[in-house]
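Asker: Here are the chains, one letter per residue:
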Amino acid sequence: MGELRILNASGDEQLEWDPSDDKATKEAHERFKALRKEGYDAYEVVDAKSKKIERWDKKLGKVIMAPGARTSAQRKTGERPKAMAGGPVHGEVVRTGR
Amino acid sequence: MKLTEQDERDWPLRLRAAYESDHGKIHVVEAMWACFDLPTLNYILLPSSWGNFMARSPSGLGRIGSGSLRVWRPLMYEWQHNGDLRRLGSQTELAWRFGTMLAGIALIAGDEGEKHFREYWEGAQKRAEMLLREHLTPQQLLDLEVRGHFFVRGEINKLYAIDPGNGFAICDHLTQEPTVSCCLHPEQWLPHDDVALATKLLLESGKSGEEEALSACRSYPVKGKQREATEDEFVAAALEIDMY
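Protein sequences, first through last, are from chains A and B.
Just so it is clear: in the first sequence, position 36 is 35 by numbering that gives the first Met the number 0, and no numbers are missing.
Just so it is clear: in the second sequence, position 12 is 11 by numbering that gives the first Met the number 0, and no numbers are missing.
Pairs of lysine-lysine, DSBU-like flavour, derived with a Cα cap of 30 angstroms:
1) B:K125 to A:K32
2) A:K61 to B:K206
3) A:K50 to B:K157
4) B:K206 to A:K57
5) A:K36 to A:K48
6) B:K125 to A:K36
7) A:K50 to A:K25
No lab work stands behind these hints, which were simulated from the structure alone.
This one's a predicted model, so the numbers in the text were calculated from it and none came from an experiment.
Please put together the full structure from these sequences, using the hints given.
Answerer: Set out below in structure tokens:
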């Protein structure tokens, strides 16, 4: 059984598919493609080790989809609206007392 | 007024569906907030904070003013005794904004709304925590319990510390002390533990993943932590990589 865990505001969303079930496999594949288009990265987790994957394979096991990182230049073009980017850092001084 | 495409993306679908079916369509049109600072010697307290929400429901346009909005407000700024004003991090602020919007929606919808809100907010945090813990090694779990952060090895930098809710840091691999603090998280709110997991996966995915993380993050050197390695530390590091 393949498993897709999608990190989102509800915590995570789970989608399973059986490679022998074409309908479920297609649904999972469509979801994978849509999330990749939105800027999500996909990682296959095997024995507590993760590996980034670029392409769908119906024989994939456990896959976690998480927002990818991108630079501020990419962010401005709106290519990856949900991706990770940097913001103010904990402890950053915004105004000095001097 | 209609929900924009951005609203459609930002407002969690599951929550929106609940409000559309049970309470008619409720659209959060605008959410603003303001806060006052009360500086003391070492820190700022935020004694009052409120948000103004304008929301459209079937019965018309409603406004929720101050005093009726239940929000929690983490300490956003810290005023140091030398007069410096330090910001406490964008992940915290993002969580506050998102939570404030949810609280506003809950207020509009009444008791049912509050129940949905609690389930959604607390449920999301719990699920994220469980998922993160599933993917940590025993040592990482121990570090998270004891120190509040866990370590990840890299190729470009040997050691990173990931602090849920507070980005990650490049650490000295000999002393484990942070040297550069880095902020990296999605523009839309994700539970802190989900962001920590996403960061861990990215940093462990290899050199290209590390490069992506380092180029996209906003970094800030940790004061007093940059120094030259001592001779003993240099030799120890050299032995580790079979240099001697």
